[in-house]
Structures are given as C-alpha cells and as structure tokens.
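If you're matching positions, the sequence shown starts at 1 in the numbering used here and goes up one per residue.
The set of hints was computed from the structure by calculation and includes no laboratory data.
Bear in mind the structure is a predicted one, so any value in this text is a computation, not a measurement.
Here a beta-carbon is modelled for each residue, glycine too, at the ideal position from N, C-alpha and C.
Have a look at the derived ranges for each label pair, beta carbon to beta carbon:
hint	residue 1	residue 2	range
1	Gln-271	Asp-423	53 to 61 Å
2	Glu-341	Asp-423	25 to 33 Å
3	Met-335	Asp-423	22 to 30 Å
4	Gly-229	Ile-101	50 to 58 Å
5	Ala-308	Gln-271	39 to 47 Å
6	Lys-550	Asp-129	17 to 25 Å
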Amino acid sequence: MKFTKSVGMGLMAMLLVFTSACSSGNNGAANSNKPEATKAANAEAGKAEDYTFGEDQTFRSSEPVSYSMMYSDHENYPYKADWRLWSAIQEKTNVTFDLSITARTEYENQKSLLVNSGDAPYIIPKTYDESAFVASGQIVPVSDWVQYMPNYSKAVKDWGMEGDLKMKLRDDGKYYVLPGMWEIAGGGYSYIIRKDVFEAAGVDVEGEQGNWTYEEFAAALKKVKDYTGSPYVISDQFKGESALNIAAVQYGVTAGWGISNGLTFDNDKQQFTFADNSDDFKSFVGYFNKLVGDGILDPETFTQEDDAAQAKFFKGDTYAISGVYQVLADFKSKMQDPNAELYMITQPGGPKGKLQIENSRLENGVMISQNALDDLGEEGFIKMLRFIDWFWYSGEGQMLSLWGVEGETYTLDADGNVVLNPDIYYNGMNEGAPKQLNVDYGFAGGMFAYGGSEKLRLSKMTEGERDFMTRIQETREARELIPPIMATAEESEQMKLISTPLMDYVKTMTLKFVTGQESLDNYDSYKAQVEANGSTRYTELANEIFAKTKSLLGY
Numbered sequence: 001m002k003f004t005k006s007v008g009m010g011l012m013a014m015l016l017v018f019t020s021a022c023s024s025g026n027n028g029a030a031n032s033n034k035p036e037a038t039k040a041a042n043a044e045a046g047k048a049e050d051y052t053f054g055e056d057q058t059f060r061s062s063e064p065v066s067y068s069m070m071y072s073d074h075e076n077y078p079y080k081a082d083w084r085l086w087s088a089i090q091e092k093t094n095v096t097f098d099l100s101i102t103a104r105t106e107y108e109n110q111k112s113l114l115v116n117s118g119d120a121p122y123i124i125p126k127t128y129d130e131s132a133f134v135a136s137g138q139i140v141p142v143s144d145w146v147q148y149m150p151n152y153s154k155a156v157k158d159w160g161m162e163g164d165l166k167m168k169l170r171d172d173g174k175y176y177v178l179p180g181m182w183e184i185a186g187g188g189y190s191y192i193i194r195k196d197v198f199e200a201a202g203v204d205v206e207g208e209q210g211n212w213t214y215e216e217f218a219a220a221l222k223k224v225k226d227y228t229g230s231p232y233v234i235s236d237q238f239k240g241e242s243a244l245n246i247a248a249v250q251y252g253v254t255a256g257w258g259i260s261n262g263l264t265f266d267n268d269k270q271q272f273t274f275a276d277n278s279d280d281f282k283s284f285v286g287y288f289n290k291l292v293g294d295g296i297l298d299p300e301t302f303t304q305e306d307d308a309a310q311a312k313f314f315k316g317d318t319y320a321i322s323g324v325y326q327v328l329a330d331f332k333s334k335m336q337d338p339n340a341e342l343y344m345i346t347q348p349g350g351p352k353g354k355l356q357i358e359n360s361r362l363e364n365g366v367m368i369s370q371n372a373l374d375d376l377g378e379e380g381f382i383k384m385l386r387f388i389d390w391f392w393y394s395g396e397g398q399m400l401s402l403w404g405v406e407g408e409t410y411t412l413d414a415d416g417n418v419v420l421n422p423d424i425y426y427n428g429m430n431e432g433a434p435k436q437l438n439v440d441y442g443f444a445g446g447m448f449a450y451g452g453s454e455k456l457r458l459s460k461m462t463e464g465e466r467d468f469m470t471r472i473q474e475t476r477e478a479r480e481l482i483p484p485i486m487a488t489a490e491e492s493e494q495m496k497l498i499s500t501p502l503m504d505y506v507k508t509m510t511l512k513f514v515t516g517q518e519s520l521d522n523y524d525s526y527k528a529q530v531e532a533n534g535s536t537r538y539t540e541l542a543n544e545i546f547a548k549t550k551s552l553l554g555y
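With the sequences and hints as input, model every part of the structure.
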C-alpha cells in the first residue's frame with residue numbers, strides 16, 4: 001500500500017489506540033496479550049506491527065534498524081564504542097547508529113560540507129542555527145511532520161511551547177529543526193562574588209541581592225572597594241560580553257553577546273525599534289562608564305583573555321566575576337584563599353524592571369536530512385521520526401540520555417528524585433568519584449541530553465544551583481519573546497548589508513563610551529552617525545517584513 005500523509009494520519013490514530021493498549025517491559029517490547037478488538041482494528045487498517053510507539057510509550061522496532069547520524073566528538077568526553085549509552089538504546093529500541101564522527105571543533109564545518117554536498121546523514125543533532133541550510137533543499141521542513149511525534153506534541157501542548165516554536169519559523173511559515181524544549185527557562189549568566197568579602201564589607205548578600213537593581217549592585221561593589229582598598233572590584237572575563245548582555249536586558253537595549261541587530265520589540269505597538277541609540281542606551285553605557293571611572297570595573301575587562309580575569313579573581317585581587325553556576329565548584333577549588341566563599345547573585349534589575357535574562361526555553365536541536373526521506377520512504381521516515389520522538393522528547397528517553405540506566409548509574413528516592421551512584425561524578429555531584437557519567441558511560445553529553453521537564457532540569461543541579469534557579473523564578477519576571485524577522489533570502493541579504501557596518505560601529509562606540517575613550521558629551525554625534533549608518537532604514541525593513549508575516553506568528 002502506498003503510504004501517503006493522509007493515510008498516515010489515519011494510521012497514526014489507530015496506532016495510538018494500539019500502543020495505549022500495550023504495556024512495555026524493561027526492553028520496551030509490547031505485551032502480546034493486547035485486546036482482540038485492538039488486534040482486529042490493526043488488521044483492518046493493514047498495519048504491519050513492526051514497531052511500537054506512542055505518548056509515554058517505549059519505541060521498539062521488531063527488527064533491528066540503524067540510522068545514520070552526525071556525532072560531535074567532545075574532547076572532554078571522547079567517543080567510545082563501548083559506552084553503556086549505545087547498548088542501553090539498543091536494548092530498549094532495537095536501534096543502533098551509523099555514526100559520522102567529527103571533532104567538536106570541526107563539527108559545524110563538517111556539517112556544512114555534508115549538507116551542501118547532499119551527503120548528510122539522516123539525523124543531524126546539536127544544531128544551533130539551521131538558517132544556512134534551509135535554502136539548500138537538503139533539510140526536511142520538519143514542522144510538516146511533527147503530527148507523527150506524540151511525545152513532542154505533548155510537550156508543546158502541556159508546556160505552552162507554541163510561542164517559543166514560532167521563533168524557529170522561516171519565511172515559508174515552516175521550521176527546519178526539532179529544538180530541545182525545556183518546561184522552564186534556564187538561569188543564565190550572572191556574577192559570582194566573594195560572599196565572605198562582601199559580608200565583611202557590610203553587605204547583607206542573601207538579604208539584599210534578590211532585590212538589587214544595578215544601581216544598588218554598584219553601591220555594594222563600592223562598599224567592597226572601600227573595605228578592601230583594591231584597585232578594582234571586578235576584572236571580568238568574556239571580554240565583557242556577558243556583563244554587557246545581562247545588563248542590557250534590564251535597560252531595554254542590546255549589547256555584548258545579545259547585541260544581534262540592535263532591535264527591540266514593542267508588544268503594545270507591535271513594531272520593532274532600534275534601541276542602541278536611545279536615551280536608554282545612553283543610560284546603559286553611562287552606568288558602565290561610571291563603574292570604570294569609580295575604579296570598580298577594570299577597563300582591561302574588554303581586552304584581556306579569560307585566564308587573566310580568572311587569575312585576578314583566584315588570587316583575591318578582585319571579588320566579582322561573570323559566570324554560570326556550573327563553574328562555581330571549579331572556581332572554588334582554584335581560590336588561593338581556602339576560606340573564600342563563593343556565591344552566585346540573582347541578576348540585578350534595572351530601569352525596565354527585574355527581568356529574567358533567559359527567556360527562551362529552546363535548546364539546540366535536530367535537523368533531519370532529505371536523504372532520510374528519500375532513502376527510507378514515508379513509512380520508514382515516519383518510523384525514524386517516532387524513534388527520535390521517543391529518544392529526545394519522551395520522559396523515558398530524556399532520563400536515559402541524561403542519567404543512564406536505573407539501578408546501574410542512578411536510583412530514585414521515595415519522592416522520585418534522582419540519586420546518582422556515589423562512585424560516579426557529574427556536574428558538581430560526588431566530587432572526587434572515580435568515574436564520570438559522560439566520560440565513562442556516554443550519558444549526559446551534549447548531543448542528546450537537552451530538554452525536558454522542570455523536575456528533570458532541576459535534577460541535574462546541585463542544591464546551590466537549584467537555589468539560584470528558584471531565586472530567579474520567584475523574584476524575576478519572565479520576558480516576552482521578540483518575534484523573528486521572517487525575511488526572504490533577498491531581504492536577509494539587503495538587511496545584512498546595512499546591519500554589518502551599523503552594528504560594528506555600535507560595538508566600537510559602546511566600548512569607547514564605557515571605557516571613557518569617548519565622552520558621553522558626544523552622544524548626540526553618536527546618534528547622528530548611527531542614523532547615517534542606516535538604523536532607520538534597517539528598522540523600517542524589519543517592520544515591513546513583520547507586517548507581511550505577523551499573521552503566521554499569531555499577531
């Protein structure tokens with residue numbers, strides 16, 4: 001029988017009846033004692049029962065099947081053919097992989113080469129930006145097929161991910177990557193501080209930091225400077241990109257890692273605005289200019305390598321540094337003062353409120369090669385999608401990829417919380433354990449373990465990181481998402497011709513204003529040059545494209 005999409009939809013409904021009537025053992029095989037009525041329904045539909053699938057059901061193929069897949073080999077946990085990960089997947093699903101293994105540092109280049117040559121493997125995980133591949137015709141518009149993915153669809157519905165997924169839409173109204181999806185947003189970057197020094201300087205860290213604005217944070221930093229007499233309190237890493245980014249959110253502008261195209265979106269007016277020559281932007285650069293002028297922020301922040309900033313912090317020359325919570329334990333081990341107490345503060349608020357930095361719940365995701373559809377045909381392609389649906393989007397698959405095999409690498413306590421085996425280290429848990437979850441077993445790697453429920457996300461955190469996340473969830477307001485600019489290839493090229501020199505100028509002047517190389521008295525001249533570089537025309541183009549496509553986005 002030819003398997004068309006319309007027939008597929010009908011079969012999907014019947015298959016869901018079938019799988020809901022099945023029970024899975026440890027290997028995911030279906031119970032043969034299914035009701036006679038279900039057997040009859042499947043026979044009537046002409047369904048060949050070669051695999052089981054469904055919402056919260058284990059995918060299992062009755063015959064062994066192998067899917068080609070790209071694999072980014074991370075130098076910190078290099079690929080091993082005998083990882084328990086591979087055998088655990090095969091035991092449950094009867095699926096193995098034909099891996100195209102590439103060093104992490106070459107993964108993006110190799111991905112481009114394989115996709116553009118038409119030789120891409122079927123499954124292409126760890127894709128952060130799919131935009132370069134859409135026009136090639138070598139990547140499946142996967143939004144056309146997600147109706148065959150019950151666990152994915154359940155997560156979208158239960159977690160209200162519809163708005164998040166609109167961020168992935170292209171000008172044809174489709175998306176080309178299956179993103180990892182989290183029920184809650186992450187904590188993001190903030191400041192790691194020397195809590196012991198701040199408290200000695202008279203700062204009530206835990207009592208105050210949850211309510212800090214940036215101005216109040218500056219006042220706390222000033223107390224530390226006065227107490228220690230240090231030349232600087234902060235000599236930051238990432239060349240200031242993180243610090244500028246997280247503060248820009250609270251000022252309603254863009255900078256640092258998040259500078260993008262300089263646009264913000266007014267949800268009330270439903271239009272884009274160029275933010276990086278506004279009064280808000282002047283206040284933003286003025287804030288950092290004052291930190292430098294007051295001897296709080298080291299101007300070398302914007303030129304030094306990360307190692308230099310870290311060395312100053314480890315030696316006790318400075319007392320605050322940008323970072324993510326996952327580095328806290330490593331930083332603690334490198335502090336020269338054995339009594340140093342490190343603490344991650346909740347990101348300060350600003351003129352636009354006390355906002356959560358992370359507003360997207362999407363992670364990197366999975367592209368599907370057109371080769372998969374061409375080689376497997378629709379029936380085989382949908383079967384592969386249902387395996388992907390189980391492995392990346394079911395609770396069972398996500399637990400397997402992150403924590404491994406229950407009873408072997410972890411157990412569950414009476415409340416259903418994960419307890420990692422004491423001889424295994426992961427993410428700050430069980431420091432000094434002889435084995436590592438990713439290095440020795442292959443679990444918790446960057447290829448598969450992204451996405452899941454709030455409970456799963458919290459399960460991978462230490463008690464301190466869960467506290468950091470809780471503080472953010474309880475004291476910081478979620479931000480609305482900025483709609484994508486769904487430009488055609490021609491429109492994108494036109495906008496790029498404007499934005500490249502425009503944003504290069506904005507970046508250059510941002511650092512000059514912050515470090516004092518350019519006086520804020522010359523801000524009007526800066527605004528005029530931003531305009532001369534095309535900020536108004538760029539904004540007009542963005543709004544014209546939005547007006548044409550906003551119905552696809554639900555505006």
